[in-house]
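For the protein sequence lines, the chains are A and B, in the order given. Residue numbering for the first sequence is 39 to 642, as defined by my numbering. Residue numbering for the second sequence is 39 to 642, as defined by my numbering.
These are computed hints drawn from the structure, not numbers from a lab.
A pair counts as met if it fits within one copy or between any two copies, since identical chains are not told apart.
Under the rule of at most 25 Å between Cα atoms (straight-line distance), these lysine to any residue pairs were calculated in the SDA-like manner:
(1) 530 to 563
(2) 617 to 563
(3) 50 to 426
(4) 371 to 203
The model shown is predicted, which means the values in this text are computed figures rather than measured ones.
Number of protein chains: 2
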Amino acid sequence: MANQYVDLETLKFLLYKVHAVQEVLDQERYADYDEESIEMLLNSVKDFSDKELFPYFREMDENPAHFKDGEILVHPQVKKYIKAGAEMGFISGGFPYENGGMQLPAMASHASAFIQEAANNHLPGYIGLTIGAAELITHFANKELNETYVPKMLDGTWGGTMCLTEPQAGSSLSDIVTSANPDGNSYKIHGQKIFISAGDYKGAKNIIHLVLARVKGAPSGTKGISLFVVPKNRPNSNGNLTSNDVQTVTDFQKMGQRGYSTTHLFFGDKEECQGWLVGEENQGLKYMFLMMNSARIGVGRGAAAIASAAYQASLNYANERPQGRNLTSTGKKDANQEQTLIINHPDVRRMLLLQKVVTEGSQSLVFLSAKYYDLSISSAATDVREKYRLLLEIMTPVVKTYPSEMGKTAVDNGLQVLGGYGYCSDYILQQYLRDIRIFAIYEGTTGIQSQDLLGRKITMDNGKAWQLLSQEIMNSIRASMMLEPLTPYAQKLNAKLDLTQQVLRALMGFAKKGDYQRFLADATPFMEFFSNIIIGWLWLDMAREAQNALVNGSTENSTGFYESKIHAMEFYFKYELPKTTGLAEILMDNSRALTIGTDKKVFA
Amino acid sequence: MANQYVDLETLKFLLYKVHAVQEVLDQERYADYDEESIEMLLNSVKDFSDKELFPYFREMDENPAHFKDGEILVHPQVKKYIKAGAEMGFISGGFPYENGGMQLPAMASHASAFIQEAANNHLPGYIGLTIGAAELITHFANKELNETYVPKMLDGTWGGTMCLTEPQAGSSLSDIVTSANPDGNSYKIHGQKIFISAGDYKGAKNIIHLVLARVKGAPSGTKGISLFVVPKNRPNSNGNLTSNDVQTVTDFQKMGQRGYSTTHLFFGDKEECQGWLVGEENQGLKYMFLMMNSARIGVGRGAAAIASAAYQASLNYANERPQGRNLTSTGKKDANQEQTLIINHPDVRRMLLLQKVVTEGSQSLVFLSAKYYDLSISSAATDVREKYRLLLEIMTPVVKTYPSEMGKTAVDNGLQVLGGYGYCSDYILQQYLRDIRIFAIYEGTTGIQSQDLLGRKITMDNGKAWQLLSQEIMNSIRASMMLEPLTPYAQKLNAKLDLTQQVLRALMGFAKKGDYQRFLADATPFMEFFSNIIIGWLWLDMAREAQNALVNGSTENSTGFYESKIHAMEFYFKYELPKTTGLAEILMDNSRALTIGTDKKVFA
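The whole structure should be built from the sequences, with the hints applied where relevant.
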């Protein structure tokens, strides 16, 4: 099947069985939903994606969004998608009823977005940013801002963006210089923002920018950043729009995601740009980061979706392409035999299985994180909500990073499955490879996520988040120990949990001595180590669910389906998990190759 | 410097010092050369590359070679480069005097090509293929074919190609069906070839294709393949050219190397295509593979060159871009401090150092392989030539693969150094990333190289090649043990050599039991393991040379230069070599996840 970009059976297995969405649906907040309504939603999203997303995937790459005469020209499907997507509830879905939303659990919203992004990752961002901007308003802005902007954002009439980055600051938000000067009940905004996704496009009725800026006299650094609503056009009381001096000066042409516009905006070039404060002054970065967990799950989800689509494309090719022969027991090949399908070559299987374990492991991670989110806002008891909040905090940098980093590797393997064809524009693998490369940069690079994980999340609340997470992993290990074929794998994972403690003790030693630079210098290899073990855990859970289904004679999925999950877990434990042995060696080596002083030349 | 694409100081250090090109120049064959003449050559190649290669690098990507109206349109610089390059001796350089060549050592030819490819990897292939085709003729074809074709190929008047791949066969050459029917003193050729690099371009006077085809009645499989000279135009005795029924039917548009044309050719569509047999019938694949060592060193060299250029670009950026601040001893940052250059962030250093160790390690591997080649053809004693032939054989799959595979990772890290800019078309890193992706596919994929290494080279002549190579590594270890600061690293490498023997014993067990599929199933992880250790060896050699220079107070390079080599070795031994611990665990795991039978579903 040429439009086989997602494995819905696995997606549903993860959602309903492995991560038991029912536990979320049991919460009062989601009382209006059951598995059946989720199932209907997902099936309609798949139909919609088949028709409105996947068919435009290649042509959006070939005809990229681009700046011309002061405007960004985009593929005509952008407007159609936003309109139809809004009607399907893709924008309002996750918002509470009181904001005009559908109060869908995040698990369902992420599953819906995953299918869409697997079909065409150039489109969903146009409404994803609107969701993020509207969330900031609903959570932190006053009633007037809510009434003025949110309804038109949720119904798709107006778009939204997040404006953080500036040319001189990059990832260093403390160096933002965009200014906001009080002017009556609003502020005059002046400055420029770069890398603004979906920042503008021709024919957009209005775009509502959520802008980080600095009020005159504010403290330096991140403590002096405020958040503003800055519309491209100001709505008057009669509903008319007036230009608000927000100018698109150019765009960024990229190696991938070329249908998704990335813009460079000027605010207040004519000193006529008005912004409205969200919440209180100097709290802007806090607001932004309170919303960041969802955005970062979204990035990991997008990468997982691309990796998933690439896996399906490689698998289809390998199932149809005959080439070469298997070795016989003499170590030779028999040229008189028919050619075999390439899926029968061990090296091709290795590449496909790597794609499979990364792709499905990433999906599992996304749904688990979404579940933590749902339970952190919907559980009845305060302490339960707090538990899931902490689990969400520690999982956020991992769910952002693992699918983005290992997803690249998975797609790279997928391209290799096709040999020379994989490198050619006529085949889709090269587009997936170009598209996925941005995800390790979006919303905080891998380096920044890794420092967040090791420097903040592992240590937060005296290590409480990590303690809770290890308990979750231990629960899985115990449950798997009792299922005979899984015992050796449970033991392996248990050993890796011990190894993690050893590694953390070694690294914490540096922090305790006040050597923070050294403590965090290996944050990225630590992320690789840590996330590899997390995915091992998630595969053990998947295999346990499958093993139980086999033992119980479940017929919801085929025997082959369950066997393939157990086999993929075995593959992961043979080919991926042992990499942590080498990584632990790296992390526990006490030399300081990265933080060397200026006494010796490093880059001569 | 914006055109800093190659580190000539390191290149010369590797060539003259670490790999002592003088040992090659001491051979009778190269009596006309000394270090001074090599030095002059390299400097002139750098000047030429600055003017004729680097300035066209970006525009060749933006205006790709493409098929139109039966022809391939290429950038005008292609013809200029071929003409000027031929005049500089880039085509004839490596050929013996008797063929009208300059009898340059391969070490010098590869160094020259490395500089050119670092400047612009879209151009050198146009003459690289001509060299390969002419080599096949000079080595295996009769006097008439030599006289008719070689002079005009070496002076750049005519191009050349290698035509192996066919649509139904891919990497499986035994399935080639292009036919050759005896017809007087030539053969009628009929068939099609795909992925033919530099296969045609508008305005090419003539292109000489070296074509693998099957003579009617030949044995099936690779034993029935013959090699033919098939010119695009037949030269008559009066020097005129007549069309030889070789038709360019289309091209392949690629994700990278877009200035370098990749064509689809039809031979004999009108039954008027003549080919001339090279050597004897049914020996074609043998001839092709006798020339393959050079071609594969060339692929590794190209990847190393791209990785080198990307490293220079990332390093320049990191040395100029201020962003963020270093952590203070309280674990916080002081926002009132000036921003620091990003090269001072440990995570950025990690990425740059990874680029550096992969890039320079790859260069070292290329020069070492070229040295083995030179000594295998020029050493006075037969047994010495045989020793180097075996070392070249075992090194060939490694030099093809390591720079291609780890080069991708290095360039990927280089893109990440630039953050969002790295993903944008205005910056060059994304082009390097797209360009380098093909090298793991060219001239035998990584999977095929890995099976060559484990299945053929390690075991050849009862393990003689591997025995010789381990002796070379042991000699290095012994020499480094005696230099005090290097002792711990020499010990580490020694342990890795022991580990390699353990891994090989475990894998050989499967071969001895006749389980060849299982024996070779993990060939690719074995390649990763093995090449990682080889590069560790080469870094130890580089550090020893630097340490000796420091001890001896050498002033040929600065103290900082020598220190940076030792530091890079330490980085490699901390961050790269330990990965082999995890890989060994993978390789010695005796489960068979890849070669599982059909009794259980793998890809459900």
